[in-house]
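Student: Take a look at the letters that make up each chain.
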Amino acid sequence: MFGKGVLKGLGVTMKHWLYTYVDDIRKIPSRYAGGRDILKQMPDEEGIFTIQYPEEKRVIPERYRFTPMLLYDAATGKDLCTACGICTKVCPTQCIWIVRDKDEKGKPISRPAEFYIDASLCMNCGLCSEFCPFGAIKPNHDFERAVYDRHQDMIYDKQALLVPLEYHAAIHPTEYAEEEAAKAAKAQAKARRAQSRRRRGSAADRKPGEDGAD
Amino acid sequence: MSEMSAQETLPYHEAVPGAVLERLENGSLIVAADKLLQLGTYLRDHEGYDLLSSVTGVDYLGYKGRDASNRFEVVYHLYSTKRGGGPLVLKVRMPESNPELPSVVSVWPGAELQEREIWDLYGIRFTGHPNLRRILLWEGFNGHPMRKDWHEAYYEEEHKPFRSRHPNGHHVLAEDRAPWHDNVFYPEGWDPEIWQEPIVQYRLPTDPSLGTTGDLPTERIVVNFGPQHPSTHGVFRMIVTLEGETIVGLEPEVGYLHRNHEKIGERNTYLMNMPFTDRLDYLCSMSNNLGYALAVEKLIGAEVPERAEYLRIIMVELTRIINHLLAIGFLLNDLGAFFTPVLYAFEERELILDLFEEAAGSRMMCNYMRFGGVAHDVSEDWLERCRYLVNERLPRRVDELERLLTENEIVVARCKGVGYLSPEDAIALSVTGPLLRASGVQYDIRKAEPYSIYDRFDFEIPVYHGCDVYDRYRVRVAEIRQSIRILQQALKDIPPGEIQSGKKQHLLRVPPGEVYSRIEAPKGELGFYIVSDGSPNPFRYHIRAPSFVNLTALGPMSVGYKVADAIINLGSIDIVLGETDR
Amino acid sequence: MDEDRSIEYRQGQIPQELQHNVVITSVDYIYNLIRKTSLWPMMFGLACCAIEMICTAAGRYDLARFGMEVMRPSPRQSDLMIVSGTVTKKMLPQIVRIYNQMAEPRYVIAMGACAISGGPFKDGYNVVSGIDKYIPVDVYVPGCPPTPEALLHGVLKLREKIAKQSITQVSWYRKGSQDAIPVPVLGPDIFDPRRVPEIRKRTLAPRPDDDGSEATEGAQTVEDQSEA
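Chains as they are written, first to last, in numbering that gives the first Met the number 0: chain A, 0 to 213; chain B, 0 to 581; chain C, 0 to 227.
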């Protein structure tokens with residue numbers, strides 16, 4: 000019969016339309032009761048739900064990448080960044096600028112004096128954080144960065160980039176736990192090594208110069 | 000005497016004497032320019048090399064062992080659709096002054112757009128080319144930008160990373176460095192007041208009998224579609240010659256999204272190019288990642304751990320599903336079924352993108368693969384959700400899509416018999432991907448020249464013989480089903496273990512050499528041609544983009560149909576401009 | 000507050016004592032409310048960001064909630080141009096022309112790093128470093144590409160901006176506001192007709208004493224355009 004295919008197709012669209020109500024009815028009193036985890040599509044959910052953006056926000060996955068941020072330790076007030084410059088070398092758009100700090104004598108020290116990220120160039124690739132040996136630069140989750148003026152507001156300096164370590168721990172919980180575990184393991188290994196060396200050192204005569212290697 | 004015998008041992012000496020000048024260590028053949036056509040015809044007709052996959056130029060300025068006498072090179076990669084297997088590589092070398100060689104369009108018509116691109120970017124002239132004018136840039140542009148001695152306005156250094164970023168990196172805008180304080184350069188002595196844009200000669204059809212209907216006196220008109228047109232899938236332009244409502248000639252005009260991927264790629268280090276490949280075919284960033292990773296891995300000889308291989312396959316096949324769903328959706332958009340099929344496609348896409356976002360960190364620009372592995376591992380929970388999607392939801396939704404469209408009389412009436420492309424033409428025009436398989440040629444690189452671990456999976460290559468838009472739609476649906484099948488197997492077998500072999504490095508040392516590596520991307524053959532000179536930056540970085548080459552077929556397959564069919568023909572090719580123009 | 004897009008608004012301001020006039024502010028409020036809740040974006044995609052723009056219009060984010068569901072393919076019927084993607088020199092004349100065809104009041108969102116400044120492709124020889132060099136941009140949405148939520152945030156920012164405009168100061172009721180932006184021309188490189196005198200001054204000037212920047216310019220291979 001001519002038109003059968005069209006009718007079948009209309010049936011599909013009809014079903015889609017009806018199913019939106021079926022899902023609503025199933026979840027009486029409200030679909031939003033008890034919050035909702037949008038990332039997990041439940042097996043009994045047919046369609047896809049509209050996120051009512053500014054009122055409700057999506058659960059952002061941990062690895063989500065936006066423009067980077069710099070971490071500092073709120074307890075000590077020190078930057079994690081050592082101005083080694085690996086992020087500037089790995090950045091595909093070359094949007095990171097670092098000025099290494101100097102002490103009073105003019106000798107370079109491992110701390111950034113200035114740190115710029117040009118957000119109008121950044122391609123959110125996440126390579127900087129992937130290759131940072133100190134875990135000092137991490138992709139931020141804050142995507143609400145729309146501005147009216149690009150020349151003033153889109154070049155982030157160090158002040159704008161710095162966030163406390165706690166913020167990182169909050170938005171990247173798994174990663175932070177892994178980092179902490181790795182750090183603890185490293186410290187433990189170091190302590191054990193030092194201990195064994197001390198033991199060996201006392202047992203055998205060692206040249207005093209070798210101690211400096213610790 | 001010894002010279003004589005050395006000549007005779009060269010391949011194809013019997014058939015075309017003196018065509019092959021030299022056989023290089025890696026098996027590629029240096030061909031004399033004047034014998035190129037003769038050799039090409041022989042290879043096509045007698046050796047079965049019917050598919051000219053990639054043509055590209057290389058500028059060897061400053062490369063070790065090359066001088067002005069052989070500065071330019073054009074490289075041809077030939078494949079056989081019947082035998083499958085690896086390529087035959089032909090190279091023609093040319094001197095610095097007035098580089099010129101015969102065009103192979105008469106042998107393999109699929110070279111047309113690629114040769115124009117080489118003329119545009121390298122200034123290598125192809126004699127006998129039917130339509131040799133600039134393609135990505137505009138007529139009148141100053142110079143040929145891919146030449147090594149051509150510098151863009153924002154030129155800072157030959158290679159990244161730039162020294163100005165560290166340790167004394169005070170932020171400077173590129174505008175402040177450039178001579179004109181903008182991304183432009185005007186040659187000396189040029190006067191904008193008297194400047195006139197050069198007149199572009201489009202190729203008009205010469206056959207007067209085409210499209211005429213009886214004795215009704217009609218006049219031909221030229222209609223311009225795009226570049227801002229809702230049905231051109233981005234910024235694409237077609238110049239269509241019409242006789243009444245019938246198309247008698249169609250010429251694609253691209254380059255509106257030419258963002259200099261290759262020039263930037265040659266300044267980048269190997270790793271930096273990875274996120275740039277995401278932006279080629281921006282619907283399928285994962286397959287671009289894979290293609291590039293495989294090419295570089297071939298150069299450095301890296302091993303990939305088991306789990307990473309499986310993860311790669313999972314990601315790439317999910318990408319194929321996304322791409323085909325969207326291709327079908329947009330094809331229906333072009334047919335007039337405005338937005339409903341696209342919305343259905345986007346629903347499933349969002350679910351897959353959620354998985355990508357969780358695994359890789361970004362919805363579209365995944366930047367997921369690394370040389371010798373992948374960037375991040377996925378959790379068991381992720382796999383479980385992926386299994387649900389692949390085992391239950393997606394098959395159900397594909398069935399539903401088919402119920403919606405396959406038998407729909409309007410779809411059938413609009414698509415059946417439209418855009419006929421015979422198998423012979425398809426191969427000659429270097430068409431690959433679903434387009435080729437809808438023309439009845441069973442050619443899929445996953446089977447013809449297996450890469451990664453595709454040889455372990457049980458799947459079929461869907462082929463239809465209708466050669467029209469309808470079968471291109473059906474091939475895509477069938478491919479989604481096959482992808483689901485591969486995914487089901489991959490998700491069942493994925494082993495635990497490492498995801499990265501060796502240590503991740505940001506500055507990769509690559510041994511000198513060259514590689515052409517291709518994968519079956521959702522749109523067709525995606526090839527990466529990389530020449531390394533041993534430095535951390537690729538010397539030549541070329542992308543053989545499937546949608547660019549497939550566009551060659553748009554003209555031939557639209558002629559003779561109605562003007563409304565040109566739009567669905569374009570929709571059935573499924574182009575993405577990021578890849579077409581690079 | 001420099002929320003308005005140019006100095007033009009400030010010229011011919013109404014007298015100080017009338018500025019907080021009840022009538023004008025209420026009219027402003029209603030006028031802005033109507034405008035900001037029915038912004039019609041143009042169906043105009045350039046590159047990667049266009050896909051995210053379509054996502055924003057599709058099921059999950061649903062632009063219709065902001066009164067923006069009608070994406071018009073014609074510039075004549077749209078109020079908002081979302082420049083979504085890399086602007087190339089080859090495409091620029093068309094974009095400026097499309098912008099000129101839009102009726103006032105019109106707004107522009109530069110979506111993504113490429114539209115803002117050229118982004119990752121800024122170095123490219125065919126890439127325009129920022130659409131705001133040619134047409135006025137109201138809101139910049141960073142990201143590469145911005146996620147649909149980020150674009151929606153940009154839209155909300157734009158609505159905030161519209162809400163602050165005053166009928167007495169907006170440019171489109173003033174003389175000369177309908178003047179079209181001159182369409183850039185593709186020469187050896189793209190040029191803005193407004194910059195012609197400046198360009199001539201440099202290209203036609205007798206060769207200046209060779210400094211560093213001139214030397215790098217001289218190194219470029221300048222091919223003749225005999226092909227044309």
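FYI, nobody ran anything at the bench for these hints, they're computed from the structure.
Just so you know, even glycine gets a beta-carbon here, dropped at the ideal spot from N, CA and C.
Among the hints, erroneous ones may be present.
Think about it this way: if two alpha-carbon atoms lie no more than 25 Å apart in a straight line, the pair counts; the simulated BS3-like pairs of lysine-lysine are [claimed, not checked]:
id: 1; chain 1: A; residue 1: K104; chain 2: A; residue 2: K56
id: 2; chain 1: A; residue 1: K3; chain 2: B; residue 2: K415
id: 3; chain 1: B; residue 1: K81; chain 2: B; residue 2: K446
id: 4; chain 1: A; residue 1: K14; chain 2: A; residue 2: K101
id: 5; chain 1: B; residue 1: K81; chain 2: A; residue 2: K185
id: 6; chain 1: A; residue 1: K77; chain 2: A; residue 2: K104
id: 7; chain 1: B; residue 1: K561; chain 2: A; residue 2: K7
id: 8; chain 1: B; residue 1: K297; chain 2: B; residue 2: K503
id: 9; chain 1: B; residue 1: K297; chain 2: B; residue 2: K415
id: 10; chain 1: A; residue 1: K3; chain 2: A; residue 2: K14
id: 11; chain 1: A; residue 1: K189; chain 2: B; residue 2: K502
id: 12; chain 1: B; residue 1: K415; chain 2: B; residue 2: K561
id: 13; chain 1: C; residue 1: K132; chain 2: A; residue 2: K56
id: 14; chain 1: B; residue 1: K561; chain 2: B; residue 2: K297
id: 15; chain 1: A; residue 1: K182; chain 2: B; residue 2: K502
id: 16; chain 1: A; residue 1: K189; chain 2: B; residue 2: K503
id: 17; chain 1: B; residue 1: K502; chain 2: A; residue 2: K185
id: 18; chain 1: A; residue 1: K182; chain 2: B; residue 2: K81
id: 19; chain 1: A; residue 1: K56; chain 2: C; residue 2: K160
Computed far set for chain C versus chain A, every beta-carbon distance over 10 Å [said to hold, decoys possible]:
id: 20; residue: R34
id: 21; residue: K156
id: 22; residue: V182
id: 23; residue: V184
Student: Taking the hints in turn, state whether each one holds.
Tutor: Hints, one by one, checked against the model:
1. K104(A) to K56(A): Violated, at roughly 51 Å.
2. K3(A) to K415(B): Cα-Cα ~17 Å, so holds.
3. K81(B) to K446(B): holds (12 Å)
4. K14(A) to K101(A): violated (69 Å)
5. K81(B) to K185(A): The given pair, whose Cα atoms are some 58 Å apart, is violated under the 25 Å limit.
6. K77(A) to K104(A): holds (21 Å)
7. K561(B) to K7(A): Status violated; Cα separation ~28 Å.
8. K297(B) to K503(B): holds (17 Å)
9. K297(B) to K415(B): Violated, because 42 Å separates the two Cα atoms, which is more than 25 Å.
10. K3(A) to K14(A): Holds, at about 16 Å.
11. K189(A) to K502(B): Holds, at roughly 22 Å.
12. K415(B) to K561(B): Holds - the C-alpha atoms of K561(B) and K415(B) are around 13 Å apart, at most 25 Å.
13. K132(C) to K56(A): violated (34 Å)
14. K561(B) to K297(B): Roughly 46 Å between the alpha carbons, so the hint for K561(B) and K297(B) is violated.
15. K182(A) to K502(B): Judged against 25 Å, a Cα distance of about 19 Å means the pair holds.
16. K189(A) to K503(B): Distance ~24 Å between K189(A) and K503(B) Cα, so the pair holds.
17. K502(B) to K185(A): Satisfied, since the Cα-Cα distance of roughly 18 Å is no more than 25 Å.
18. K182(A) to K81(B): violated (57 Å)
19. K56(A) to K160(C): holds (23 Å)
20. R34: The claim holds: R34(C) sits with its nearest Cβ about 18 Å from chain A, beyond 10 Å.
21. K156: Contrary to the label, K156(C) does not stay out of reach of chain A, its closest Cβ about 5 Å off (not over 10 Å).
22. V182: Label holds. Min Cβ-Cβ 23 Å, cutoff 10 Å.
23. V184: holds (26 Å)
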